[in-house]
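Novice: One-letter residues, chain by chain:
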Amino acid sequence: MNRTAFLSAAFGASLALGVAVQPAEALSNRTWVSGKGADSGACGLATPCRTFAYAITQTNAGGEVDVLDPAGYGAVTIGKAISIINDGVGTAGVQIGSGGTAITVAAGANDAVLLRGLTIEGTGIGAIGVQFSSGASLVIEKCTIRDFTGKGVFISPSSTSSFAISDTVISHIGFYGIYVIPSGSAGIDGLVSNVSIENAGAEAVDLSGSFSTSTSALGVSVVNSIAANSGGGFFTDTSANQAATVLTVRDSASINNGAGLGAIGPNAALRLSRSVVVGNSAATSVSNGGAIYTYGDNGFDVTVSGLIQAGLQ
Amino acid sequence: MIRSRFLGAATIAALIFAVSPAHALLSRAWVSGHGTDAAGCGAPGAPCRTFQYVHDNIIAPGGEIDVLDPAGYGAVIITKGISIVNNDVGEAGVQSSSGAVGMTISAGEGDAVYLKGLTFSVSATGIRFNSGASLEVEDCHFITVGGIDFLPTTTSSLSVRHSSFAFSVRGINMAPQAGGSVNANIETVRIVGEGISGSFGIRLDGSQATSSTPSMATVVYSRQIYDSAGFSAIGSNGGAAQMNLIIDNSSASGDTVGIAATGAGAVVRLYQAIVTNSSSRVLTQNGAQIITYGNNVMDGPAAGMTSAPLQ
Numbered sequence: 001m002n003r004t005a006f007l008s009a010a011f012g013a014s015l016a017l018g019v020a021v022q023p024a025e026a027l028s029n030r031t032w033v034s035g036k037g038a039d040s041g042a043c044g045l046a047t048p049c050r051t052f053a054y055a056i057t058q059t060n061a062g063g064e065v066d067v068l069d070p071a072g073y074g075a076v077t078i079g080k081a082i083s084i085i086n087d088g089v090g091t092a093g094v095q096i097g098s099g100g101t102a103i104t105v106a107a108g109a110n111d112a113v114l115l116r117g118l119t120i121e122g123t124g125i126g127a128i129g130v131q132f133s134s135g136a137s138l139v140i141e142k143c144t145i146r147d148f149t150g151k152g153v154f155i156s157p158s159s160t161s162s163f164a165i166s167d168t169v170i171s172h173i174g175f176y177g178i179y180v181i182p183s184g185s186a187g188i189d190g191l192v193s194n195v196s197i198e199n200a201g202a203e204a205v206d207l208s209g210s211f212s213t214s215t216s217a218l219g220v221s222v223v224n225s226i227a228a229n230s231g232g233g234f235f236t237d238t239s240a241n242q243a244a245t246v247l248t249v250r251d252s253a254s255i256n257n258g259a260g261l262g263a264i265g266p267n268a269a270l271r272l273s274r275s276v277v278v279g280n281s282a283a284t285s286v287s288n289g290g291a292i293y294t295y296g297d298n299g300f301d302v303t304v305s306g307l308i309q310a311g312l313q
Numbered sequence: 314m315i316r317s318r319f320l321g322a323a324t325i326a327a328l329i330f331a332v333s334p335a336h337a338l339l340s341r342a343w344v345s346g347h348g349t350d351a352a353g354c355g356a357p358g359a360p361c362r363t364f365q366y367v368h369d370n371i372i373a374p375g376g377e378i379d380v381l382d383p384a385g386y387g388a389v390i391i392t393k394g395i396s397i398v399n400n401d402v403g404e405a406g407v408q409s410s411s412g413a414v415g416m417t418i419s420a421g422e423g424d425a426v427y428l429k430g431l432t433f434s435v436s437a438t439g440i441r442f443n444s445g446a447s448l449e450v451e452d453c454h455f456i457t458v459g460g461i462d463f464l465p466t467t468t469s470s471l472s473v474r475h476s477s478f479a480f481s482v483r484g485i486n487m488a489p490q491a492g493g494s495v496n497a498n499i500e501t502v503r504i505v506g507e508g509i510s511g512s513f514g515i516r517l518d519g520s521q522a523t524s525s526t527p528s529m530a531t532v533v534y535s536r537q538i539y540d541s542a543g544f545s546a547i548g549s550n551g552g553a554a555q556m557n558l559i560i561d562n563s564s565a566s567g568d569t570v571g572i573a574a575t576g577a578g579a580v581v582r583l584y585q586a587i588v589t590n591s592s593s594r595v596l597t598q599n600g601a602q603i604i605t606y607g608n609n610v611m612d613g614p615a616a617g618m619t620s621a622p623l624q
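Residue numbers (our numbering), protein chains in the order written: chain A, 1 to 313; chain B, 314 to 624.
Incorrect hints may have been included.
[Claimed, not checked] Here are the simulated distance ranges between beta carbons:
1) 42(A) x 490(B): 26 to 34 Å
2) 507(B) x 60(A): 51 to 59 Å
3) 164(A) x 356(B): 56 to 64 Å
[Stated by the list, open to error] Facing chain A, from chain B, some residues (calculated, C-beta under 10 Å):
4) 341
5) 358
6) 362
7) 399
8) 403
9) 404
10) 441
11) 480
12) 534
13) 538
14) 587
15) 614
16) 618
Keep in mind that the hints were calculated from the coordinates and are not lab data. Think of the CB as a built atom: it goes at the ideal place given N, C-alpha and C, for glycine as much as any other residue.
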């Protein structure tokens, strides 16, 4: 009652003032977008909105923006906890023009963001597919991220956070497929699962501790994934006095890259199990104190020196 | 300077002689079974009807054609970088007249082609790739005599993911032509053959290749049954370049020969593979190699393989 009275009063006030203010509708926990929608109102099921960016403004933190039918829904910056979900209704497209970032996550320290079922296209001119610059966590599921000049997924938080990328394709990227490089004292915990990264100019996956002073090791696990036809396969690096890194690669393949695996810098560790590393210009690249541990169950096409044996337990 | 003067002149000429309607090419255009191929089509509210019309008239290079609803969208010849995306709206079909190829790709050297969610029902070859930087085929289904013929004349890459091939005589045929080489990744693919003479599931065939650049095809998490040869590699013309086929966590069964390698430079690697119920599990001929990491499952002995250690 109080709330209704307040809304009526506010509406009356705006009429009385003759000012075109936003209608004072309550935000929803679920909003809808459609190719036939319009960016006005509260984005309910019967009156969906047209873009992700507008729908988010009508959605409570922690809520969902859901896709009703196929369309392009525009580039978006996400500043709060939101899930954007296309559950197989057709293309939910996000394109970006020259030099731009298609989806930017710049959310609060406790905010969880989820992206599902999106087709994120740079059409050869956009710079970055998805950039995570702040937030508690980012989940990317069943997305296609293609044709960017810079990076496919760029994880660059300055406070400790986590991410998971699964059932996703990342291809035709100018530099890194997935680039994880926290800064400040940020730690990171990441999972890459059932992801194919192909035709990236730089490393398909790179976990870097070079900008982080985290006292706990930065960790990313890669499982059931493929890195192929790229500048490098699975890499991790760090620098002296920066965070240690652990990149664990299991049941995955690194094929036809510049170097298949890399561990560069003191306290940069790559752990490899049940994986295939074939057809790379060099099987491994290890320098400045980096280490690649093997569980003795991997297939290479050359005899690799310098692998450190680790026991299965 | 000369170049910008020339462009300036060309621009002025274009302005003077601008007779065609001023529709800029789109980076996204829609097709629908209810659409119409007419100038200016492509918005979600005014979709076009066929892939070919959009390719020829509406979409910019690097752009994306999206499928709005289920329909047959016709055979198509692709000559530029493009994406065609059906994200689960229902059947997005490609059919062709009897004996004709469903989709032909003759794109430029730097062009990337991406296909998602298409069904090819063709009495000949589903996709024939002649040229382009790369082809990605995802969530596609082939009810075809020949699934994919990948025949590049430069170094080109092929990715096939989450796709199936039924009633197939030739599943995925990668045969680099003069000057060409192949980098292929085939994952989570299912191929059901017809069991007839000369049939194969996945084949890397170097017999037409003249380049010294090696070719490499990796098959991961894939299943193949009932062909004359399941997975096979054929050495390059004169043995100039290696033809490398990697069978990783994949299976061949019910074949005349499960895994075949023929000719100098043909190298097949078996890692956590399964080869069962085949008349001959492996066949190595004429200087080719089949390398085992000792972690494969077969239903009997297989002679002629070379061992490589796990590391």
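Novice: State for each hint whether it applies.
Specialist: Consistency of the hints with the structure:
1. At roughly 58 Å, the beta carbons of residue 42(A) and residue 490(B) sit outside the given window of 26 to 34 Å.
2. Checked against the hint of 51 to 59 Å, the pair residue 507(B) and residue 60(A) passes, with Cβ atoms roughly 56 Å apart.
3. Look at residue 164(A) against residue 356(B): about 35 Å separates their beta carbons, and that is not inside 56 to 64 Å.
4. Hint status for residue 341(B): holds, given a least beta-carbon distance of 5 Å to chain A, under 10 Å.
5. Against a cut-off of 10 Å between C-beta atoms, the interface hint on residue 358(B) holds, since the closest Cβ of chain A lies about 7 Å away.
6. The beta carbon of residue 362(B) comes no nearer than 16 Å to any beta carbon in chain A, farther than 10 Å, and the hint placing it at the interface is violated.
7. Against a cut-off of 10 Å between C-beta atoms, the interface hint on residue 399(B) holds, since the closest Cβ of chain A lies about 8 Å away.
8. About 9 Å separates the beta-carbon of residue 403(B) from the nearest beta-carbon of chain A, less than 10 Å, and the hint is met.
9. A distance limit of 10 Å between C-beta atoms decides the matter here; for residue 404(B) the minimum to chain A is near 13 Å, and the interface restraint is violated.
10. Nearest Cβ of chain A to the Cβ of residue 441(B): about 21 Å, over the 10 Å cut. The hint is violated.
11. Because the beta carbon of residue 480(B) sits about 27 Å from the nearest beta carbon in chain A, more than 10 Å, this interface hint is broken.
12. Look at residue 534(B): its Cβ gets to within about 8 Å of chain A, closer than 10 Å, so that hint holds up.
13. Taken as an interface hint, residue 538(B) does not check out: its beta carbon lies about 23 Å from the nearest beta carbon of chain A, beyond 10 Å.
14. With a cut of 10 Å, the hint placing residue 587(B) at the interface with chain A is violated, because the nearest CB-to-CB distance is about 15 Å.
15. Interface hint status for residue 614(B): violated, as the beta-carbon distance to the closest one in chain A is roughly 21 Å, over 10 Å.
16. Because the beta carbon of residue 618(B) sits about 14 Å from the nearest beta carbon in chain A, more than 10 Å, this interface hint is broken.
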